[in-house]
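**Student:** Residue strings, one per chain:
There are 2 protein chains.
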Amino acid sequence: MSEYIKVAVDAMGGDYAPQEPVKGVVEALREKPELYVYLVGQEDVLKKELDKYTYPEERLEVVHASEIIETGEPPVHAIQKKKDSSLVKALRMVRSKEASAFVSCGSTGAVLVGGQVLVGKSKGVERAPLAPLIPTATGVSLLIDCGANVDARSSHLVQFARMGSIYMEYVMGVKNPKVGLVNIGAEEEKGNALVKETYPLLKECKDINFIGNVEARDIPKGVCDVVVCEAFVGNVILKLYEGVGATLISKVKAGMMSTLRSKIGALLVKPALKETLKSFDASEYGGAPLLGLKGLVVKAHGSSKANEIKNSLIQCITFSKEDICGKIQENMKQDNKGDN
Amino acid sequence: MSEYIKVAVDAMGGDYAPQEPVKGVVEALREKPELYVYLVGQEDVLKKELDKYTYPEERLEVVHASEIIETGEPPVHAIQKKKDSSLVKALRMVRSKEASAFVSCGSTGAVLVGGQVLVGKSKGVERAPLAPLIPTATGVSLLIDCGANVDARSSHLVQFARMGSIYMEYVMGVKNPKVGLVNIGAEEEKGNALVKETYPLLKECKDINFIGNVEARDIPKGVCDVVVCEAFVGNVILKLYEGVGATLISKVKAGMMSTLRSKIGALLVKPALKETLKSFDASEYGGAPLLGLKGLVVKAHGSSKANEIKNSLIQCITFSKEDICGKIQENMKQDNKGDN
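Residue numbers (the working numbering), protein chains in the order written: chain Z, 902 to 1241; chain B, 902 to 1241.
The shape of chain Z in the complex, shown without the other chains (with noise of 0.2 Å):
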């Protein structure tokens, strides 16, 4: 069955690997019949792991790799070196067509490095974002970039607030999704050099519903679908994000064991407690898609549990079947047409 959404699963990659991205496919398979999985990693591993579960067999393929690249060897070296290993066989099965989609939990350097050069960047793409859905107090927003690479031009932040908002219409259902330029005040002049410079040209943007710049403070209220950035700053923004959640939860908890009033209480409240502060917990929404490139790459949370994997294959699905990646070179082409 032709109709099938191929996605290659760096099984070997993560904290919790293969347990976890093992248990994820699993589960992904089961709810989703129009996904088929090349489970790629150390093939005696994968099998043991499997047996496991019951799941669609006919939809399942181990494609043996003898190496791993571990988190914290540098990128470009483990790439070039480990041509065995889970993460560089499955970025090529997209690179050939094999599959449409590709999900690692493992090294961000190498799955940025590897996807940009053994995916390779569509026609017209000068940088290719890693965008990753943060949560917000009215549903998610698009940070884009969080990538390796800094210093970024005016015009990739241009392409960034397009890509992004056609990932957030096609893949998130958000119509006329509203772009932000992140900034240090809400007005036009104010900025440091490269923020003055994009500006005017996101305003120009005719395909993008540009709703000037907005300060981090409102990011999390959710006032904008895509949140606009240079890789250094979006970073910084995901990975405070993360910081201040964790800090802020613990001293809650902290706060709740301090008295035994507040430990009786803290019973009575942890349910509601717990759904609602799963809302804004990252893991919920799959992981970070690298957009721009020939092929969907993924690249899910280093600490992500089945769950995590689940949505991000999920995630592929609607990706692939939206045909994003067409879409994005199709707008490339466009460069700059849509402006007066």
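A few of these clues could be false.
Since the list can't tell identical chains apart, any single copy or any two copies may satisfy a pair.
Distance condition first, Cα-Cα at most 27 Å in a straight line; then the derived DSS-like pairs of lysine-lysine [as the list claims (entries may be wrong)]: (1) Lys1022 with Lys1228; (2) Lys1076 with Lys1228; (3) Lys933 with Lys1154; (4) Lys1022 with Lys1175; (5) Lys1154 with Lys949; (6) Lys933 with Lys1171; (7) Lys1122 with Lys1164; (8) Lys1076 with Lys983; (9) Lys924 with Lys1164.
The hints are simulated quantities; they were obtained by calculation from the structure and are not laboratory data.
Based on these hints, arrange chain B on the given structure of chain Z.
**Tutor:** Leaving out everything else, chain B in the frame of chain Z:
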């Protein structure tokens, strides 16, 4: 008595002026016998406000200023035009050494511009950074720079690290404060051009305790006492801190109110939780100093209540007693002499 610490307070700036600034001044005067305040603003308004309180009148002097600089006014223009504004008049008192410090909850832009233009930078200081204290899991860290002058050079960042270290050591009492450079990874070779250039310079500084790069995720954990970054990044960190905190707390509150069971629990945890969250509230730590000037300029939040203003005034006393301006100027003179 010449040992008074004299502070000029812009009583007309901020969302709750003049009520809260006046209340904060009164509370500080009652608590600190060495404090002397010039309360600058519209005399009739201030006197009426002061009539509400009993306080040591011999240590407060109302200085009349007829104009008010509003938030949102273009700073440079406002400073030049409104010469009889409370902000300009109070800053001039620092310039003329009538007062050793200045506190305002008014327009950030006007305070930053006014501080640099009217008070002036100390000799050797290339750029005056705005350095608020931010709450962490273990206490507070100084985030330097969050000011309005973006696109810094590496030599600026090195000066920020030094000034921040002096502040944390002598005002906050942290011995040998740990200095971290905000980056997107822990390794020396990571980052954008600016931080790559700054890292080796900080490593060579013998008068600071440089611990290397810090990722944004680790800032809330309190891994370092002085968090060095360029102003655009600092602004994003500061505002996102507030934004994520506010959104998360409102989520926690909503979660607690979602079921009858959790509502009862909420009543029980509330007192303990309030105490904990207070420790993560930036307003507890007074305003942000603008360092490297010939006198102390403190910018308090626009939404400051009396407590923050009182704390800002107390901060001014320590700052002046420890002669931080003198220490910074001394340190800047030795610029690069600490290196081999």
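**Student:** Give a verdict on every hint.
**Tutor:** Status of each hint after checking the structure:
1. Lys1022 with Lys1228: Classified as within: same-chain Cα gap 14 Å, cross-chain 53 Å, threshold 27 Å.
2. Lys1076 with Lys1228: within (16 Å within a copy, 57 Å between copies)
3. Lys933 with Lys1154: Close neither inside one copy (37 Å) nor across copies (36 Å); limit 27 Å.
4. Lys1022 with Lys1175: neither (40 Å within a copy, 51 Å between copies)
5. Lys1154 with Lys949: So Lys1154 and Lys949 fail the 27 Å test inside a copy (39 Å) and across (46 Å) alike.
6. Lys933 with Lys1171: neither (32 Å within a copy, 44 Å between copies)
7. Lys1122 with Lys1164: between (30 Å within a copy, 24 Å between copies)
8. Lys1076 with Lys983: neither (43 Å within a copy, 47 Å between copies)
9. Lys924 with Lys1164: neither (35 Å within a copy, 37 Å between copies)
Hint violations for this structure: numbers 3, 4, 5, 6, 8 and 9, all remaining hints satisfied.
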